[in-house]
Amino acid sequence: MGRFWSLLFLAVPVLGVGVFAAAMMTDSWPLHNHWLPRDVSEKGYVIDNLFNTILYLTGVIFVGTSLALFWFLWKYDGEKNLGPVRFLHGSHTLEVVWSIIPAATLLFIAIYQMNAWADAKIDRPGTRLAGADGRMNTEDDLVEFQLPIAQVTGRQFEWRIRYAGRDGVVGTSDDVHTVNDLHLPVDEEVVLQIKSDDVLHSFFLPNCRLKQDVVPGMKQMVWFKPKEVGSFDIVCAELCGWGHYKMKGRMTIQSRKDFDQWLTDQERIQQESSFALSEEE
Amino acid sequence: MSSITAGSHAHEHESSATHASFISTYVFSRDHKIIGLQFLFSTLLWFFVGGLLALGIRWQLAYPWTNMPIIGKMLFPGEGGQISPEFYTTLFTMHATVMIFFVIIPILAGAFGNYLIPLMIGADDMAFPTLNMLSYWFMWPAFFLIGASFFTAPYGAGGGWTSYPPLSVVNEAAPGSASAQTLWLLGITFVGISSMMGSVNYMTTIIQMRAPGMTMFRLPLTIWGMFITAILQAFALPVLTAAGFMQVMDRLLGTGFFLPEGLIVNNSIPASGGGQPLLWQHLFWFYSHPAVYIMILPAMGMVSDIISCFARKPIFGYKPMVYSISGIAGLGFIVWGHHMFVSGMNPVLGMTFMVSTMMIALPSAVKVFNWLGTIWGGKIEFTTPMLFSLSFVSMFIIGGLSGIFMAATPVDIFIHDTYFIVAHFHYVLFGGTAMAVFGAIYFWYPKMFGRMMNEQLGKVHFFLTFIFLNGTFFTMHVLGAVGFPRRLADPYHYDTFQHLMPMNRFMTWCAIGMVATQVIFAFNFISSLFFGKPVGRNPWGCNSLEWSAPSPPGHGNFDFQPVVYRGPYEYGHPDATKNHYPQIEPPPENPTEVPEH
Chain B
1 MGRFWSLLFL
11 AVPVLGVGVF
21 AAAMMTDSWP
31 LHNHWLPRDV
41 SEKGYVIDNL
51 FNTILYLTGV
61 IFVGTSLALF
71 WFLWKYDGEK
81 NLGPVRFLHG
91 SHTLEVVWSI
101 IPAATLLFIA
111 IYQMNAWADA
121 KIDRPGTRLA
131 GADGRMNTED
141 DLVEFQLPIA
151 QVTGRQFEWR
161 IRYAGRDGVV
171 GTSDDVHTVN
181 DLHLPVDEEV
191 VLQIKSDDVL
201 HSFFLPNCRL
211 KQDVVPGMKQ
221 MVWFKPKEVG
231 SFDIVCAELC
241 GWGHYKMKGR
251 MTIQSRKDFD
261 QWLTDQERIQ
271 QESSFALSEE
281 E
Chain D
282 MSSITAGSHA
292 HEHESSATHA
302 SFISTYVFSR
312 DHKIIGLQFL
322 FSTLLWFFVG
332 GLLALGIRWQ
342 LAYPWTNMPI
352 IGKMLFPGEG
362 GQISPEFYTT
372 LFTMHATVMI
382 FFVIIPILAG
392 AFGNYLIPLM
402 IGADDMAFPT
412 LNMLSYWFMW
422 PAFFLIGASF
432 FTAPYGAGGG
442 WTSYPPLSVV
452 NEAAPGSASA
462 QTLWLLGITF
472 VGISSMMGSV
482 NYMTTIIQMR
492 APGMTMFRLP
502 LTIWGMFITA
512 ILQAFALPVL
522 TAAGFMQVMD
532 RLLGTGFFLP
542 EGLIVNNSIP
552 ASGGGQPLLW
562 QHLFWFYSHP
572 AVYIMILPAM
582 GMVSDIISCF
592 ARKPIFGYKP
602 MVYSISGIAG
612 LGFIVWGHHM
622 FVSGMNPVLG
632 MTFMVSTMMI
642 ALPSAVKVFN
652 WLGTIWGGKI
662 EFTTPMLFSL
672 SFVSMFIIGG
682 LSGIFMAATP
692 VDIFIHDTYF
702 IVAHFHYVLF
712 GGTAMAVFGA
722 IYFWYPKMFG
732 RMMNEQLGKV
742 HFFLTFIFLN
752 GTFFTMHVLG
762 AVGFPRRLAD
772 PYHYDTFQHL
782 MPMNRFMTWC
792 AIGMVATQVI
802 FAFNFISSLF
812 FGKPVGRNPW
822 GCNSLEWSAP
832 SPPGHGNFDF
842 QPVVYRGPYE
852 YGHPDATKNH
862 YPQIEPPPEN
872 PTEVPEH
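These protein sequence lines are chains B and D, in that order.
First residue of the first sequence: 1, per this note's numbering; consecutive thereafter.
First residue of the second sequence: 282, per this note's numbering; consecutive thereafter.
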């Protein structure tokens, strides 16, 4: 039976690699679109590349160790291996080798991530200005942060969106309000302010490789640059109550012209409905 | 069960006043073996409950909003047999709670820790037998409280096992956030008290009560795993207990540890005091990340013992194994932030937590290499416990490597809270720990009950579990790569995920097969109690001390004073007369010189 069990353990790397390979061929049967969804943000590919880098590195280790496991089981099956066992307690050299190589690899992986992380979460877009010394890229540089184009508020169980009106500042009386309907201009860096009205939510744009938990009591910024027009999902990715599953929004990316037109239309509709209301009163 | 105390008259350990009544022998027993078995039976029952809860989750993901066959009409007559979204949140909350707090932690430390520690170090019992008894009986308030939380009207606790505020603190936030949540928190506190009693006992026993000759570096790795786990629990648990009380106070006394000033959820009274929701996450994960290692280090130890025994070869790199267990435990205290990369925590902290998290993969890798080194050049016996232990190694490779994806902060932005993480921890906890536990049950069953479990049924059980486990959990990686979020009652109304239902159905049927397979195990376990082949002291031919005691050991464990002459892994030693070389066997007059490495 040793042969049979060895082959069972061989099936793990074979099928494992097979499933991943089938999933990565997203255009073909049987696992159509069972991989990273379409990426429509300018920096999304960075995260995809890091994902793939780790996938290949770990894939090699997975296949290597799994094959070693299979081979040792096959070769040292007690029914077949009639000689004496190899009586030894270890090898100092081997322990050193297989500590240092993974340590270096892991450290490399960690350091390799830093820039992408800083781009996504730390370096908020803005304009860099020379400080008092009149020179750029010195310690006293000032950064004028780009203002958010809209504020997205999570609440049970919807996304409330508030655009800066004509004054370009969110939170004033000329703001434009929508629910679950986020429109953004293509090919422009956009900054969104996200906040929560009640419990934790998480603002997840699968197609932009963007996710940020929304914490009540905090005002957070997210930023990205859409590069394709189209309509995409906004997903809530942090448990927020019984209706968590239906907290769905849509993000429409359109040309600057269409976006401005849409915003003007929304403004008009909002004004008309408020006039209508005041007439009724 | 009567056979358990076969040798009990050999020792006059108990005072004569409490002599041998049924209650003191089997119910409020202070014998570590009975307490271990009490933990084992309780946790196996809960394992079954947790499995059924998982099937509820799987049913909803495969056939959302359809009548659940057989039990749907009984459970939810009001909804016509459908799972409601409220009940779905309770399902996954309770599945995780039961599996983590009632199965994995108590079956490793409570069942195997209790049963094996005194036997493997050559002691007659634990250092504090009464405390040991209490550690089991403090689980019962927890069982009742969590059970009551589940059945609280209208819905049980639904804040997830992580219980993040404000959802879990504000009564109005969710149907299960009222009294059900308070019951849940109190239940977890009792589990914590039980674990704390156990951990104090294990540490003391291992340090103080080892048999003559049993130095620390002659301890089996099972004991090292249990020892380090006990230390982890002792240092991490107080934080969870304190945090739990803080949450209870926020809920009942109006304090404001976790709620920001003025927060209103669903017309609740505005919160006073400027608390922080993220504070809970830090405190919770400061315990619950070490808890992840509490849930695997003892399993690693047991697997090491089983693999060395059935490879008939010394464990490869004993000391590196000990150091890597310690390394995992030490690093385990400084990686909790990797659960919070996208939580709103300062992103600069994310970088430091990424480095420490990456580094924890190193001792894990060293362990895998050493297991491979152990079977290399051995004479492998493919017994049921060996198969389960080998599958631990195979599955832990997958679970360990998939952790690196989450540790990389930019990648985590995309896969955080998706099925990728669900795949990861199920590979570690089911593919890893649960498979090791099955192996350990098959392995030590003859010691516990004096009879063998059926090997053929055991292998069928292993084969089917192995197939179905991979069918259920491997596919989750693929779902995670699409971004498929966890904890959604109906993910299919999102355009991005609507085409994933066929794969979910496949997984559900694998999960059903996996739970059904456990019937074979239950049958084998129960029938072998009565009809299993009776065994002597050492049916597998192993070295460690417990195999020198009678099967089952009587009260006081050993019918002789064990003296230890060597480490537990000297299989194939040139001086050995058999295929093993027990720790108690005195060396010959002219022992062969054996190099350390």
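The set of hints was computed from the structure by calculation and includes no laboratory data.
Here the structure is a predicted model, which means the values were calculated and not measured.
Beta carbons: idealized from backbone N, C-alpha and C, even for Gly.
Please note that the accuracy of each hint is not assured.
Pulled a few chain D residues facing chain B out of the computed Cβ check, cut under 7 Å [claimed, not checked]:
(1) Ala-642
(2) Gly-659
(3) Asp-771
(4) Asp-776
(5) Ile-793
(6) Gly-794
(7) Val-796
(8) Val-800
(9) Ile-801
Q) Does the nearest C-beta of chain B fall within a distance shorter than 7 Å of the C-beta of Ala-642 (chain D)? A) 6 Å, holds
(Q) For the restraint on Gly-659 (chain D), tell me whether the closest CB of chain B is nearer than 7 Å. (A) 5 Å, holds
Q | Satisfaction of the Asp-776 (chain D) interface hint, Cβ to chain B closer than 7 Å | A | Holds - the Cβ of Asp-776 (chain D) comes within 7 Å of chain B, reaching about 6 Å at its closest.
Q) Does the interface hint hold: is Val-800 (chain D) within less than 7 Å of chain B, judged Cβ to Cβ? A) Violated, because the Cβ-Cβ distance from Val-800 (chain D) to chain B comes to roughly 22 Å (cut-off 7 Å).
Q.
Interface hint check: Asp-771 (chain D), Cβ to nearest Cβ on chain B, cutoff 7 Å. Holds or violated?
A. With a closest approach of 5 Å, the Asp-771 (chain D) hint holds.
Q) Can we keep the Gly-794 (chain D) interface hint, with Cβ of chain B closer than 7 Å? A) 16 Å, violated
Q) Does the CB of Ile-793 (chain D) sit less than 7 Å away from some CB of chain B? A) 20 Å, violated
Q: Hold the hint about Val-796 (chain D) up to the distance rule: shortest CB distance to chain B must be less than 7 Å.
A: 21 Å, violated
Q. Hey, does the Ile-801 (chain D) contact hint survive, CB to chain B under 7 Å?
A. 17 Å, violated
Comparing the model with each numbered hint stated earlier shows that hints 5, 6, 7, 8, 9 do not hold.
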